[in-house]
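Since the structure of chain A is provided, determine the placement of chain B on it from the hints.
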Amino acid sequence: MIKETSSLRDPAGYIFYDNGIVYRSISKAYQSDFDFLNNSGLYKHLVDQNYLISHKESNYTSSDEYYKIIEPTKIDFISYPYEWSFSQFKEAALLTLKIQLESTNYGMTLKDATPYNIQFVKAKPLFIDTLSFEKIFNEDYSWSALKQFNEMFLGPLILMSRVDISANSYLKTNINGIPLNKILDLLKFKDKLNPFIFFNLMVPNFIATKNINSKNKPSKELKISKTQHQNIIMSYIDFVESLNINSLNTEWGKYNKETEVEKNDYVINKEKFLINFLEQLKPKFVWDVGANDGTYSRIICNNLNSNPAVFSLDIDPVCVENNYLINKKNKLNLTPLLFDIANPSPSIGWLNQERKNIFSRLPEPQLIVGLALIHHIINLNIKINEIIKFFALTKEFVIIEYIPIHDIKCQQIFKSRIDKIEYPDEDEFQKEIEKYFRILKVEKLNPTDRKLYLLKLNEI
Amino acid sequence: MLEMINLYIDPGTGMILIQLIVSAFAAVALFFKRIKTFIKSFFNKK
Chain A
0 MIKETSSLRD
10 PAGYIFYDNG
20 IVYRSISKAY
30 QSDFDFLNNS
40 GLYKHLVDQN
50 YLISHKESNY
60 TSSDEYYKII
70 EPTKIDFISY
80 PYEWSFSQFK
90 EAALLTLKIQ
100 LESTNYGMTL
110 KDATPYNIQF
120 VKAKPLFIDT
130 LSFEKIFNED
140 YSWSALKQFN
150 EMFLGPLILM
160 SRVDISANSY
170 LKTNINGIPL
180 NKILDLLKFK
190 DKLNPFIFFN
200 LMVPNFIATK
210 NINSKNKPSK
220 ELKISKTQHQ
230 NIIMSYIDFV
240 ESLNINSLNT
250 EWGKYNKETE
260 VEKNDYVINK
270 EKFLINFLEQ
280 LKPKFVWDVG
290 ANDGTYSRII
300 CNNLNSNPAV
310 FSLDIDPVCV
320 ENNYLINKKN
330 KLNLTPLLFD
340 IANPSPSIGW
350 LNQERKNIFS
360 RLPEPQLIVG
370 LALIHHIINL
380 NIKINEIIKF
390 FALTKEFVII
400 EYIPIHDIKC
410 QQIFKSRIDK
420 IEYPDEDEFQ
430 KEIEKYFRIL
440 KVEKLNPTDR
450 KLYLLKLNEI
Chain B
0 MLEMINLYID
10 PGTGMILIQL
20 IVSAFAAVAL
30 FFKRIKTFIK
40 SFFNKK
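From first to last, the protein sequence lines stand for chains A and B.
FYI, numbering that gives the first Met the number 0 numbers position 283 of the first sequence as 282, with every residue one higher than the one before it.
FYI, numbering that gives the first Met the number 0 numbers position 28 of the second sequence as 27, with every residue one higher than the one before it.
Taking lysine to any residue pairs in the SDA-like style, the calculated list, with each CA pair at most 20 Å apart, reads: (1) Lys191/A x Val27/B; (2) Lys171/A x Ser6/A; (3) Lys32/B x Phe238/A; (4) Lys97/A x Ala26/B; (5) Lys171/A x Gln147/A; (6) Lys388/A x Ile376/A; (7) Lys189/A x Phe205/A; (8) Lys225/A x Ala26/B; (9) Lys110/A x Ser5/A; (10) Lys388/A x Pro345/A; (11) Lys222/A x Leu16/B; (12) Lys32/B x Gln227/A; (13) Lys32/B x Leu93/A; (14) Lys43/A x Asn104/A; (15) Lys97/A x Lys32/B; (16) Lys225/A x Phe30/B; (17) Lys191/A x Ala28/B; (18) Lys225/A x Leu19/B; (19) Lys97/A x Ala28/B; (20) Lys283/A x Ser305/A; (21) Lys225/A x Tyr105/A; (22) Lys146/A x Leu94/A; (23) Lys330/A x Arg297/A; (24) Lys222/A x Ile20/B; (25) Lys97/A x Leu29/B; (26) Lys222/A x Ala26/B; (27) Lys382/A x Lys430/A; (28) Lys394/A x Lys434/A; (29) Lys394/A x Phe358/A; (30) Lys209/A x Leu16/B; (31) Lys171/A x Phe76/A; (32) Lys146/A x Ile15/B.
Treat the hints as calculated values from the structure; they're not laboratory data.
Note that this is a predicted model, so its numbers are computed, not measured.
So here's chain B without its partners, still in its complex pose:
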């Protein structure tokens, strides 16, 4: 029954909302990655 209902949902539903959430996560992840790379390069220099 659930499968049947899903056939009538527009696959684009919530797409923008999802991508806004995902991009917020990505920004945080990339921020930490940059800090990690910075710390690594700092120690490598020494």
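With the rest of the complex left out, here is chain A:
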């Protein structure tokens, strides 16, 4: 039995693993809320709508004290909010609000509002924290998680849409959310004049900093009614739905369109050889690194009979956004994620164990794909032997594209330091590869001098 360290702050219970199965132990302190969740019909209602993760009761017995042990449906991979694109983040926020609204109709409320309670399964958000629901007492609908919602969801989303599309990355350094005053510091004056932002961020921040309390009346007398609370949630839903990133754009978002026109034959050849390489492979998990908008990730999904889970990783938020939006229509087993190969998500939180680094969460791949990637990593002064070490994380195969220094894209990237850069020629590239891999196939991607390699990891 291995206890999940991410559960350490939850008094209602904890996740643990045994024999590859995920269990959740529910503490006696949470007994009445858990029973109410089931008996009120809220659990069934949310599961029927695919809002909440389903579970079954388990016969597992543990020496710890507990009320019940349940077995939640297993999820392949746990992603974190700083690995999501804007729309993923927005949909996670909307799902949380909708669940809160539905819950109040059943006499319950969410005791927390954190994006870590949401996961993406086949391009749809799913609420995974069954122990987040609390019974409402004395008809008091004031929502104790509203501040957390503002700092974990609303603030980052507003910043992503108005200031910096990468603002969700601030959650790596602010595990409990971005404080209201910091959100306001980053917003432009005209954004602060937005009535919703003024009343929901500016005013609460003013009250909090001035330490104004309802001193004259004992706080027990002040209550929020059900209608008042539902009005708040509905106005939040309307505002979050109105947020978009139309005014923001990035360098990479335009890249694929550009290359499609520029290198038609090259793209056709690359697709053809990629499909040919995939023929004999039966991976369960694939990492496509530098996936851009996921064009090749989708080819990989569609041309493998093993129906693998493909993780489509890219550093650019607009690419990941486009990838996610395309995949919402296609419904492939593909997960688009923000991923910086030179600075992957770290372990953070209590004892650095609360939120884990990405390599300990991503399932071990039987295939890693790196197309049109190595020149970008070399540009960061990372040497080819280090890059090959990354690809050696595969359990079996690698498909990698070699780009020679005289390639037009390399010339663009390295134009100011073409003589100084340590760029591997093809012999050096192959020599490094052969330290870990056997070369199974090589194909030239005409009309360019780029080459596509299929590699198999040496057995130790």
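Frame of chain A, contents of chain B only:
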């Protein structure tokens, strides 16, 4: 120094007050939204 002082403030301070203000704003916003939807549907019918 300010950060230090903030550590000693109960995070629930002013919570009810804030939510009362916010709910008043929400009621007004939803009222206008309903008028907007009504006017839109009125013109759409024609």
